[in-house]
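K.L.:
In the order they appear, the protein sequences are chains Y and B.
Each step along the first sequence adds one to the number in our numbering, with nothing skipped, and position 44 is 44.
Our numbering runs 113 ahead of the 1-based position in the second sequence.
Just to be clear, a hint being listed does not mean it is correct.
To be verified - Here are the computed lysine-lysine pairs in the DSBU-like style, where the Cα-Cα straight-line distance is at most 35 Å: (1) 68/Y with 124/B; (2) 108/Y with 170/B; (3) 68/Y with 183/B; (4) 183/B with 42/Y.
Unchecked claim - Pair by pair, the computed Cβ-Cβ distance ranges are: (5) 192/B with 98/Y: 27 to 33 Å; (6) 122/B with 61/Y: 27 to 33 Å; (7) 208/B with 61/Y: 22 to 28 Å; (8) 130/B with 55/Y: 38 to 44 Å; (9) 118/B with 98/Y: 25 to 31 Å; (10) 217/B with 18/Y: 28 to 34 Å; (11) 61/Y with 120/B: 47 to 53 Å; (12) 46/Y with 180/B: 22 to 28 Å; (13) 166/B with 72/Y: 48 to 54 Å; (14) 67/Y with 211/B: 18 to 24 Å; (15) 76/Y with 140/B: 27 to 33 Å; (16) 24/Y with 129/B: 24 to 30 Å.
Derived from the structure by calculation, the hints contain no laboratory data.
Yeah, the Cβ is synthetic: ideal placement off N, Cα and C, and Gly gets one too.
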Amino acid sequence: GESVGLHLPTLSVQEGDNSIINCAYSNSASDYFIWYKQESGKGPQFIIDIRSNMDKRQGQRVTVLLNKTVKHLSLQIAATQPGDSAVYFCAESAGAGSYQLTFGKGTKLSVIP
Amino acid sequence: DAGITQSPRYKITETGRQVTLMCHQTWSHSYMFWYRQDLGHGLRLIYYSAAADITDKGEVPDGYVVSRSKTENFPLTLESATRSQTSVYFCASSSGTDGYTFGSGTRLTVV
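Bound-form chain Y, shown alone (with noise of 0.2 Å):
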């Protein structure tokens, strides 16, 4: 069946530098894509979103990029500190218009002080 994967599964980051989090998505009537965000003991926390009518988007030191053409997206944290340190999901839309999300199992992120 279609799923959501990611490409690595931990990610160790010097305190400071970039990183990016990839993600590989089957599923080519998506339209709807995010990243969450899970630190220790607590519950997925929303961190950006995009829609497929649009191929980058930016927040606070995040940036979402997403490339249709070989269904990948991406997460890029600029400067990462340790706060940072969690595990990061992408989560896409079951379909065009789809309300229902499939996630990935998530990529754990650990920053280098």
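Given the coordinates of chain Y, assemble chain B onto it according to the supplied hints.
P.N.:
Just chain B now, kept in the frame of chain Y:
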């Protein structure tokens, strides 16, 4: 307080007992979801609801029951708890046009 709240935060129960996990949201979101999160499996959908009195099974519904008599509440009941249901349970809500907002989770241990 506005938001989505889950209770209890932690629960230990014995095999065979019935246990109910509560979820309450204050946004009047139409959609609500229950997930369980286990190492190696990520988030797995148990049940979801599109509106009051409308519920549907997700990926792993066996052993669970839900109800949605009011829009703001979506309790999850384990009718006869088993050790395999030891997990962290997350409730989420959505307006249907944006992403989900998750609760803080309930850590359930079945002994």
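K.L.:
If a hint holds in the structure, say so; if it does not, say that too.
P.N.:
Outcome of the hint check:
{"no.": "1", "hint": "68/Y with 124/B", "verdict": "43 Å, violated"}
{"no.": "2", "hint": "108/Y with 170/B", "verdict": "29 Å, holds"}
{"no.": "3", "hint": "68/Y with 183/B", "verdict": "39 Å, violated"}
{"no.": "4", "hint": "183/B with 42/Y", "verdict": "26 Å, holds"}
{"no.": "5", "hint": "192/B with 98/Y: 27 to 33 Å", "verdict": "30 Å, holds"}
{"no.": "6", "hint": "122/B with 61/Y: 27 to 33 Å", "verdict": "30 Å, holds"}
{"no.": "7", "hint": "208/B with 61/Y: 22 to 28 Å", "verdict": "26 Å, holds"}
{"no.": "8", "hint": "130/B with 55/Y: 38 to 44 Å", "verdict": "51 Å, violated"}
{"no.": "9", "hint": "118/B with 98/Y: 25 to 31 Å", "verdict": "26 Å, holds"}
{"no.": "10", "hint": "217/B with 18/Y: 28 to 34 Å", "verdict": "30 Å, holds"}
{"no.": "11", "hint": "61/Y with 120/B: 47 to 53 Å", "verdict": "33 Å, violated"}
{"no.": "12", "hint": "46/Y with 180/B: 22 to 28 Å", "verdict": "27 Å, holds"}
{"no.": "13", "hint": "166/B with 72/Y: 48 to 54 Å", "verdict": "40 Å, violated"}
{"no.": "14", "hint": "67/Y with 211/B: 18 to 24 Å", "verdict": "22 Å, holds"}
{"no.": "15", "hint": "76/Y with 140/B: 27 to 33 Å", "verdict": "30 Å, holds"}
{"no.": "16", "hint": "24/Y with 129/B: 24 to 30 Å", "verdict": "42 Å, violated"}
Checked against the numbered hints above, the structure violates hints 1, 3, 8, 11, 13 and 16; every other hint is satisfied.
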